[in-house]
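Produce the complete structure using the sequences and hints provided.
Chains D and P are the protein sequences, given in the same order.
The opening residue of the first sequence carries number 10 in this note's numbering; numbering runs sequentially from there.
The opening residue of the second sequence carries number 35 in this note's numbering; numbering runs sequentially from there.
Think of the hints as simulated: they come from the structure by calculation, not from any bench.
All C-beta atoms, glycine included, are put in the ideal place defined by N, C-alpha and C.
Misleading hints may appear alongside valid ones.
Claimed, not checked - Computed spacing ranges between beta-carbons, pair by pair: (1) Thr-212/D - Glu-366/P: 52 to 60 Å; (2) Val-215/D - Arg-422/P: 32 to 40 Å; (3) Pro-140/D - Lys-511/P: 33 to 41 Å; (4) Tyr-287/D - Ser-72/P: 51 to 59 Å; (5) Pro-192/D - Glu-535/P: 47 to 55 Å; (6) Glu-359/P - Lys-49/D: 47 to 55 Å; (7) Val-215/D - Glu-421/P: 32 to 40 Å; (8) Gly-282/D - Glu-421/P: 54 to 62 Å; (9) Leu-170/D - Ala-322/P: 34 to 42 Å; (10) Lys-49/D - Arg-424/P: 32 to 40 Å; (11) Gly-336/P - Ser-145/D: 50 to 58 Å; (12) Tyr-287/D - Arg-422/P: 17 to 25 Å; (13) Gly-273/P - Asn-196/D: 18 to 26 Å; (14) Thr-414/P - Pro-140/D: 30 to 38 Å.
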Amino acid sequence: MKDIQVIDIKSAEYPAKLRDIPDPPGQLFCKGDTSLLNTKSVAVVGSRKNTVYGKNVALMIGKRFAGAGITVTSGLAMGIDAFSHEGALEADGKVIGVLGSGIDVMGPRRNRDLMNRGLENGGLVVSEYEPGYPASSWTFPARNRIISGLAEAVVIVEAGLNSGSLITAKHAAEQGRPVYAVPGNINSQSSIGTNLLIRDGVTPLVIIDDLIRDIGAATKKDAVSRPDMDADEERIFEVVRLMSGPTVDEIIRGTGFDPQLVNSLLTVMEIKGIIESYAGRIYISQ
Amino acid sequence: MYSRTRSAVCFGMEGREVFVETDISRGLPGIGVVGLASTMVMESRERIKSAIENSGYEYPKGRITVNLTPASLRKNSSCLDLPIAIGILASEGNIRLRVAEDWGVIGELALDGRVLGVEGALPMMLHMKDLGIKGIIVPEANRTEACLAGGNIFTVSCLRECAMLMCMDPQKAAQDPETRKMLVCEEGLPGELMTETAGFKGSEDIPDFGDIIGQENAKRAVVIAAAGRHGLLMVGSPGCGKTMIAGRMAGVMPAMTGREMLETAIVRSVAGRGDDSFRLWNKRPFRAPHHTIGRAGLIGGGLYPVPGEITLAHNGVLFLDEICEFNKETIESLRLPIEEKKITHFRKGEPYTFPCNFQVVMAANPCPCGYFGDKDRECTCTQADLERYRRKLSGPIIDRIDMCISMEKVAYEDLAETRKGMTTQQMREQVCGAIDFARSHGRTGFNADLNSREIDVFCHLADSEKKFMSRAYEAFKMSPRAYSRTLKVARTIADLDGSEEIRTAHIAEALNYRPKD
Numbered sequence: 010m011k012d013i014q015v016i017d018i019k020s021a022e023y024p025a026k027l028r029d030i031p032d033p034p035g036q037l038f039c040k041g042d043t044s045l046l047n048t049k050s051v052a053v054v055g056s057r058k059n060t061v062y063g064k065n066v067a068l069m070i071g072k073r074f075a076g077a078g079i080t081v082t083s084g085l086a087m088g089i090d091a092f093s094h095e096g097a098l099e100a101d102g103k104v105i106g107v108l109g110s111g112i113d114v115m116g117p118r119r120n121r122d123l124m125n126r127g128l129e130n131g132g133l134v135v136s137e138y139e140p141g142y143p144a145s146s147w148t149f150p151a152r153n154r155i156i157s158g159l160a161e162a163v164v165i166v167e168a169g170l171n172s173g174s175l176i177t178a179k180h181a182a183e184q185g186r187p188v189y190a191v192p193g194n195i196n197s198q199s200s201i202g203t204n205l206l207i208r209d210g211v212t213p214l215v216i217i218d219d220l221i222r223d224i225g226a227a228t229k230k231d232a233v234s235r236p237d238m239d240a241d242e243e244r245i246f247e248v249v250r251l252m253s254g255p256t257v258d259e260i261i262r263g264t265g266f267d268p269q270l271v272n273s274l275l276t277v278m279e280i281k282g283i284i285e286s287y288a289g290r291i292y293i294s295q
Numbered sequence: 035m036y037s038r039t040r041s042a043v044c045f046g047m048e049g050r051e052v053f054v055e056t057d058i059s060r061g062l063p064g065i066g067v068v069g070l071a072s073t074m075v076m077e078s079r080e081r082i083k084s085a086i087e088n089s090g091y092e093y094p095k096g097r098i099t100v101n102l103t104p105a106s107l108r109k110n111s112s113c114l115d116l117p118i119a120i121g122i123l124a125s126e127g128n129i130r131l132r133v134a135e136d137w138g139v140i141g142e143l144a145l146d147g148r149v150l151g152v153e154g155a156l157p158m159m160l161h162m163k164d165l166g167i168k169g170i171i172v173p174e175a176n177r178t179e180a181c182l183a184g185g186n187i188f189t190v191s192c193l194r195e196c197a198m199l200m201c202m203d204p205q206k207a208a209q210d211p212e213t214r215k216m217l218v219c220e221e222g223l224p225g226e227l228m229t230e231t232a233g234f235k236g237s238e239d240i241p242d243f244g245d246i247i248g249q250e251n252a253k254r255a256v257v258i259a260a261a262g263r264h265g266l267l268m269v270g271s272p273g274c275g276k277t278m279i280a281g282r283m284a285g286v287m288p289a290m291t292g293r294e295m296l297e298t299a300i301v302r303s304v305a306g307r308g309d310d311s312f313r314l315w316n317k318r319p320f321r322a323p324h325h326t327i328g329r330a331g332l333i334g335g336g337l338y339p340v341p342g343e344i345t346l347a348h349n350g351v352l353f354l355d356e357i358c359e360f361n362k363e364t365i366e367s368l369r370l371p372i373e374e375k376k377i378t379h380f381r382k383g384e385p386y387t388f389p390c391n392f393q394v395v396m397a398a399n400p401c402p403c404g405y406f407g408d409k410d411r412e413c414t415c416t417q418a419d420l421e422r423y424r425r426k427l428s429g430p431i432i433d434r435i436d437m438c439i440s441m442e443k444v445a446y447e448d449l450a451e452t453r454k455g456m457t458t459q460q461m462r463e464q465v466c467g468a469i470d471f472a473r474s475h476g477r478t479g480f481n482a483d484l485n486s487r488e489i490d491v492f493c494h495l496a497d498s499e500k501k502f503m504s505r506a507y508e509a510f511k512m513s514p515r516a517y518s519r520t521l522k523v524a525r526t527i528a529d530l531d532g533s534e535e536i537r538t539a540h541i542a543e544a545l546n547y548r549p550k551d
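What follows is the structure, given as structure tokens:
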């Protein structure tokens with residue numbers, strides 16, 4: 010417990026942006042680098058049950074923010090929250106995790122691993138609850154106001170109709186934080202929440218650099234190179250790109266190739282990192 | 035007076051010789067049966083008394099002692115009713131057995147003197163034939179099995195017929211116009227079926243793969259699985275056709291050899307489905323036990339062990355649908371039988387061995403609600419549900435399969451397509467071609483059963499293939515077990531291709547059938 014610091018609302022270390030929200034926490038229990046509280050940060054949140062699209066976007070956003078020196082704040086939940094942190098850590102960025110329980114109380118094992126990785130990389134874990142405080146159904150919605158309160162802007166990557174991320178969006182709006190929603194296919198169950206936000210006037214996040222520029226950080230260009238492909242692989246790549254997540258059978262029909270050729274090429278392309286398979290469907294890797 | 039008749043009992047999958055000794059002495063009327071007889075045999079006393087009286091014979095007034103030898107063999111079959119009744123009649127002097135040693139008798143008695151069919155008649159008949167018994171008498175109800183056994187087999191429908199036959203010499207009985215019609219046939223009926231060259235004739239009962247539109251990927255996987263006897267797991271949402279595929283799989287396996295047909299017929303006979311032994315003589319079995327099945331039901335068991343589903347699927351297909359719903363211990367119990375291709379139960383120090391060489395096919399939903407990854411319906415499972423389900427799938431189950439495919443409902447465009455996909459006939463030709471190729475290159479068993487030494491010999495990789503494999507090993511974070519599994523499947527794909535070397539394309543295709551998350 011000794012490495013847990015307590016920051017009172019009256020303390021100078023207490024982030025000013027958090028003090029301004031309607032219902033600021035009286036004290037913050039912190040573990041890690043507390044100076045991150047006052048850096049430029051963006052919250053990236055979303056559904057626990059993500060699609061491949063959501064995963065890729067969360068990873069990409071995390072990576073790009075880290076590259077621009079922006080701290081990525083999230084709820085350390087499974088799914089989108091976790092992938093945004095993973096992306097940031099991949100690019101050696103800083104992360105803040107806001108918990109819905111005491112800092113030493115952690116849910117699933119995978120989240121704990123991710124938290125420790127974040128801390129090792131100079132990150133920070135924050136909670137308004139004293140150590141040992143158990144998580145419950147109301148602590149999570151409550152901590153969402155801290156997630157948005159600590160951030161300059163909030164990005165919702167994927168959210169279903171009743172996702173907790175929509176609560177974060179509501180808090181953010183009340184706190185005057187700009188909210189960005191990542192648009193999804195209109196027939197995707199996992200993007201209904203975000204698409205509805207966009208309908209109701211939230212800015213769609215179409216180009217990540219726009220957001221980085223909006224909060225006044227410098228963008229960084231990174232070149233994307235596509236690995237070599239032979240003609241057959243190109244053909245499959247085109248089919249996968251056009252059909253967005255086809256099954257093997259659909260690729261067989263789309264290309265007119267034999268099942269054996271498709272199966273063999275898909276493996277080769279997966280090894281090359283061009284595509285990936287998830288829940289029986291094939292996607293283009295980001 | 036003393037008499038002795040010959041009979042047999044079924045012990046596991048084999049017949050065992052039993053002698054029934056009967057002695058009638060003076061004393062209080064009654065009957066005692068000794069010789070490790072089970073309750074089923076002890077109850078025969080009541081049946082026999084009524085059957086003898088209702089057949090018009092007189093039941094002895096004295097003290098009857100029946101001894102079943104060998105005394106050390108546990109006997110649990112109603113098939114001893116008839117030999118005991120005959121023994122009593124002979125001891126009493128009601129009938130004069132000519133040469134009792136020439137006849138072997140099995141059959142259950144009804145109270146009115148009719149002879150009823152018994153389980154396991156085929157192995158008992160075959161055993162008595164091997165012993166050189168000149169005439170064998172079996173119930174009329176087991177006639178179809180008697181056709182398979184061949185030899186001097188007579189069928190009887192009542193105790194009187196049996197008594198009449200046994201007063202004759204077997205050779206004479208076969209010629210006498212009166213008794214000749216009881217003879218099944220001298221040759222053994224399916225003469226041409228018994229030979230190894232028998233063609234595949236029974237496909238009309240198994241539905242055809244040509245009926246399945248689309249799912250070409252699954253069909254390809256079925257061909258590979260059948261050619262190498264690789265365990266196959268199909269993952270897909272409800273209604274995508276997993277059961278249709280599994281139900282057709284027996285059709286693409288090569289025609290059974292004479293030996294396999296006989297083994298399968300014996301299994302069916304022991305399981306009390308003697309008619310199937312004959313009717314489905316050359317058809318590979320397809321068994322699809324429900325997921326609530328227990329351990330004993332699956333691998334066999336009981337006080338006197340009877341075959342379980344894995345044995346009923348011997349030489350055929352065992353389909354485990356909703357594999358995640360099966361009890362973990364039940365799945366675990368499959369490990370040994372799958373490896374050894376037989377299962378041995380020990381009861382009172384006696385081993386009962388049943389064969390179980392089958393093609394295993396499993397199916398699972400992608401998640402508890404079934405719609406994870408589905409295009410049209412939302413999955414209602416929580417993250418915890420998914421994790422639990424994945425764990426269940428990944429442990430003991432994944433260990434038992436070489437190939438895993440994802441399936442999805444066939445799209446409307448596919449249904450409307452007129453182009454016909456692969457038929458069972460075409461698929462079987464491919465499978466047989468691959469198996470012949472493997473045989474001609476020194477492999478006698480199936481590729482799924484290659485041990486590590488054989489993998490070194492038969493799954494040798496050239497340098498470029500080795501390099502590809504090592505890249506895949508890293509990229510897919512494979513385990514050594516997954517590595518050898520991939521090699522075995524790649525070997526089968528190369529066999530289908532008629533290639534002695536395993537090429538990169540073969541490995542790449544095999545890798546695509548690895549279990550994915």
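Verification of the supplied hints:
1. Thr-212/D - Glu-366/P: 52 to 60 Å: Holds - the Cβ-Cβ distance for Thr-212/D and Glu-366/P, about 54 Å, lies within 52 to 60 Å.
2. Val-215/D - Arg-422/P: 32 to 40 Å: Given a distance of about 38 Å, which is inside 32 to 40 Å, the answer is holds.
3. Pro-140/D - Lys-511/P: 33 to 41 Å: holds, 36 Å
4. Tyr-287/D - Ser-72/P: 51 to 59 Å: At 57 Å between Cβs, range holds.
5. Pro-192/D - Glu-535/P: 47 to 55 Å: Given a distance of about 50 Å, which is inside 47 to 55 Å, the answer is holds.
6. Glu-359/P - Lys-49/D: 47 to 55 Å: holds, 51 Å
7. Val-215/D - Glu-421/P: 32 to 40 Å: holds, 33 Å
8. Gly-282/D - Glu-421/P: 54 to 62 Å: violated, 26 Å
9. Leu-170/D - Ala-322/P: 34 to 42 Å: Since Leu-170/D and Ala-322/P have Cβ atoms about 39 Å apart, the given range 34 to 42 Å holds.
10. Lys-49/D - Arg-424/P: 32 to 40 Å: At 38 Å between Cβs, range holds.
11. Gly-336/P - Ser-145/D: 50 to 58 Å: holds, 52 Å
12. Tyr-287/D - Arg-422/P: 17 to 25 Å: holds, 19 Å
13. Gly-273/P - Asn-196/D: 18 to 26 Å: Given a distance of about 20 Å, which is inside 18 to 26 Å, the answer is holds.
14. Thr-414/P - Pro-140/D: 30 to 38 Å: At 35 Å between Cβs, range holds.
Taken one by one, the earlier hints fail for this structure only at number 8.
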